[in-house]
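Protein chains in written order, with our numbering: chain A, 1 to 462; chain B, 463 to 924.
Please note that the accuracy of each hint is not assured.
Dumping the calculated BS3-like pairs for lysine-lysine here, alpha-carbon to alpha-carbon at most 27 Å [as the list claims (entries may be wrong)]:
#1 K25(A) to K697(B)
#2 K91(A) to K235(A)
#3 K603(B) to K458(A)
#4 K141(A) to K603(B)
I should point out that these hints are in silico values taken from the structure, not numbers from a laboratory.
2 protein chains.
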Amino acid sequence: MSTATVAEVPNTLLLSTRETAEAAKLASRGLAALAEAARNAALEAMAQALDAAQTELLAANAEDMRAAASRRGAEKLPPATLARLELNPAKLAEMAAQVRSVAALPDPLGRTLDAIELDDKDGSESVSSEVRAGRGLSMQKVSVPLGVLAVIFEARPDAVTQIAALALKSGNAIILKPGREVEHTATALVRVLREALTKQHVPPDAVSLVLGRERVQQLLAMHSLVDLVIPRGGKALVEHVQANTRIPVLGHAEGVCHIYVDREADAELALRVIDDAKTDYPAACNAVETVLVHREVAAEFLPRLAERLLAQGVALHGDAAVRSLLRDVPVAEVDDWHTEYGELAISLGVVASLDAAIEHIHTHGSAHTESILTEDPAAAERFLHEVDAASVLLNASPRFADGFRYGFGAEVGISTSKFHARGPVGLEGLTTYKYVVRGHGHIAGDYRGADARSFTHKREAR
Amino acid sequence: MSTATVAEVPNTLLLSTRETAEAAKLASRGLAALAEAARNAALEAMAQALDAAQTELLAANAEDMRAAASRRGAEKLPPATLARLELNPAKLAEMAAQVRSVAALPDPLGRTLDAIELDDKDGSESVSSEVRAGRGLSMQKVSVPLGVLAVIFEARPDAVTQIAALALKSGNAIILKPGREVEHTATALVRVLREALTKQHVPPDAVSLVLGRERVQQLLAMHSLVDLVIPRGGKALVEHVQANTRIPVLGHAEGVCHIYVDREADAELALRVIDDAKTDYPAACNAVETVLVHREVAAEFLPRLAERLLAQGVALHGDAAVRSLLRDVPVAEVDDWHTEYGELAISLGVVASLDAAIEHIHTHGSAHTESILTEDPAAAERFLHEVDAASVLLNASPRFADGFRYGFGAEVGISTSKFHARGPVGLEGLTTYKYVVRGHGHIAGDYRGADARSFTHKREAR
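When you get a sec, could you build the whole thing from the sequences and use the hints?
Below, the structure is given as C-alpha cells:
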C-alpha cells in the first residue's frame, strides 16, 4: 500500500500540542517577515506540489473512503458528507487552482490604513530649534498578520488547501485539526504542502497538523500561542468551540435570516427574491428561514407566495394569521421562530408594521443577514439603518451576503460577532494592524507644561 | 443632608442586573437611530447638567470622602486614590469640558468604510435586459455602534462622565459598575446624566448603574446582552475580568515596554529618550520598564545612562553583564524580566544583536509598545517590521503611544488584543460595521450556470 501514513509527516505528529503550537508561533514570526513575492512563490509551489502528488493523495483519500464504507448503523456518513470527502483528479485540480487564485489576490499585509503627522519638527530640546525637513514625528497604522490560526474542521479535504492558502497569503501559521473521517487525506495533504514550503525556504511549521479528539481541548486552552480559532463545520462544532475557549473565534453558529415584505413591496419582485432566497441553496447560512409580511398586503400576497413556494417543494409553517389566510394549502404551525431549517422549509408570519418586523428580527434573528422588500424609500432607509445585523439588504436576495459576491476575492467565513470582523470575512479578517511611529529623538515631556510644543496631527494622504 | 442617595436614582437600582441589561439593550436600539445632531445636543445637555448640579455632586462626593476617612488599617485608601476620588469645582468644570470636547469630535457613526458596485444592471430576469441607470446592486460597509458597554471601574469619578460621553457619541448604551469607594459620587453623577438625557428625549437607560460586588459576575455572564466590557483599573481587575467572561474585553493587563539601544544609536538622543520614557510619568502603561543595550556600545553607554537615571532617582536593576560594567554604582539584580515597575525603577540588559533584542522582547514583552533607538535605517526597518506589538517606535519615546498624542481626539483605552481594536483606542473602537446592500430585485440564482450574469465588483470612491 502506498498511502501516506501518520508516521510519514515529519516533526508534527510526534510533537505534543504545545510543542506544535510553539513551533507554529516561531514559524509565524518568519512568515511575518516574508515579502509578498516570497509568499506568492510559496503558494505557487504548493499548487504545483498538489498537481504532482495526485496519485499519492488519491490513495490516501481511498483509505478514508474505505474506512467510511466500513461504518455501520449510526456511524454511517450521510451521502452529502461522503460526496464532500471523496477526491478525484478534477477536484484536486480545482484545489490547486484555488491556491493559485489566492496567490493572485492583492496583498493584505503592509497596507497603510492610516497615517498622521504628529509633529513636523525634529526632537531636539529647544522649541525654537531650526526646522529640519523630514525630521518630524510620524505615525502609520499598518496591516500585519494575526500570528497562529487553529482550524478545526470536519470531513472536507478542500478545507486544508483553502485555509492553508489564505493563511500563507496573510502571513499566518496554521494548525489543522481534521475530523477523524478525513485524517488520512489531511495527513497526506499537509505532508505535500510542508514539502513544498521547505523547498521554498519557508518554515514548514507554517502548516501543521494535530490528530485526535483530545487535541481540540488542548488547542482551545492555548490562548497565549493561538491567536484565532476557525471552526469549519456544523452548528454543534461552532457552539462547542465558542463555549470552550478564551481565544477569539471566527464563525457563526447559526443564520436565521429574515425577509420583510413591506406594505409598499413590489409583489413580483418579492416572489422572485423569496424564491431565490429559499431555493437557490437551502443549506446555506444566508438562505431565508422566515418571511414576515405586512398585514395590509398579507391577504393578497400570501396565497401567491404559497403557490410559488409549494411548486418548488417548500414546506410551509405559519402563525395563526397566516394559517387563517391560507386555509386551502397545507401550512404547519410555527414551532419556534429561531428555527434554522437549512432545507426546503420556511416560516411565514404577519406583522402589523415595519416596527413590529424590526422587533421580531431583533428578538428572533441571529444578526446575520436581513432583507426588506419595499418601494418606499423611507421604510427602506429605516430598516437598513435600524436593523442590527452583519448584512442588511434592500430588494435583493440575502444569498448575496457572501465574500465572493461582495467582491472580497476569497471568503474565510461569515462572522456574526461584532468584533474584529463582521459579516463575510475576506483576507483582511486574518490581519490586524500595528502603529509604527518614526521620530528623531522626540520625547513626550516636550509636549507639556509652560513651553509645550504642539502636535500638528495632520492626516496624510494614504 | 442633601446628598443623593441610592433610592434617588429612578428605575435603575431597583432592577436586577438582567433587567438593567435588557433596558440598556433596548435603549441602545434608540441611540443607534439618533442623528449626530441629537447625540451632540444630548452631550451638551449633559455638560450643562454637570455645571448646574455642582452643589449636589460635591455633597455626594463629600459622603464618599467621609467614608474613605473612616477606613482604618489595610482598608485605608492610598493618598493617590484619595486625590483621584475627591471632587472640587475645578474638577467638575473639567469633567463638563471633557464632555463638550467629545461632542466636538467627528461623528464615528455612518462612515462609509468601503463601497463596491456589485452589478450595474437591474435585477430583472433576463441577462439581456435593458440597463436602467441607478438600478444596479451596490454594497456599502458602514460604521455602526456596538450596542451595550459594561464599564467596571475603581475610585475615579471622572471615569463616569468620560465614558458616558464617549459611549453616547458613538451611539452605545453603558452600564456602569463603580468601585464601592466611589458609589455615592457615581450614583449622583448618573442621576444627573439620566435627567439630562430624559430632557433631550434620549432614553435614560442609555446610562445606567449597578452597585455591589456580585453584580460584576452577573454582568460578565451576560454575553447575549453586553457587547463589550471595559475594565478601568489595576492589573488585578483587568485580569479578573479577562479570565471570567466570554464577552470581548477592551484593555490591557500590563505594559512591559522595552527600548532597544542599537549599536548605531545616537547616544545623546538615547539618553534623552530613555530619561523621558522612564521619568515623564512612571505609572503610565507606556513608560519604559526594560532597556536593552547592544554589547558593542554597552561599556561606553551604560555608565552615562546610569548617571542620568540615578540623578533622576531611578533605581537600577541589571543582568550580570550590566552589573560588571557598572561596578561603581548601585545596581540590583533583575529578578524577572516581566516586571512592570510602574515607578522610578528600571531593568537594564546587554544583548548580542538586534535579533537577540527582538527575541527578548517577544519572550518577555506584553506586545504593548516597543522602541528602537538607532541611526541605521536597515536595523530600524527590521525592528519596526518584525517586532509584534501594538505600537513600535523609532527614535522616539514610547510615551507617545496614546490616543490623544496619536491624534484620535479621545482615548477609550489601550488594547493589547490583536482583535477589533489594537493599541490606543479612540471612538472608532466603540463601533463595528454592517454591510448595506441595495438592489432592485437582484437574485443570486442569476449569477450562476450557463447564462450567468457577472458581477462588476467596482470599488467606488469613498
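Results for each hint:
Using a Cα cut-off of 27 Å, the hinted pair K25(A) and K697(B) holds, with the two alpha carbons roughly 26 Å apart. Using a Cα cut-off of 27 Å, the hinted pair K91(A) and K235(A) holds, with the two alpha carbons roughly 26 Å apart. For the given pair, K603(B) sits about 25 Å from K458(A) by alpha-carbon distance, which is consistent with the 27 Å threshold. In summary, the hint linking K141(A) to K603(B) is supported, as the alpha carbons are separated by about 20 Å, within the 27 Å threshold.
Violation of the numbered hints given earlier is absent; every hint is satisfied by the structure.
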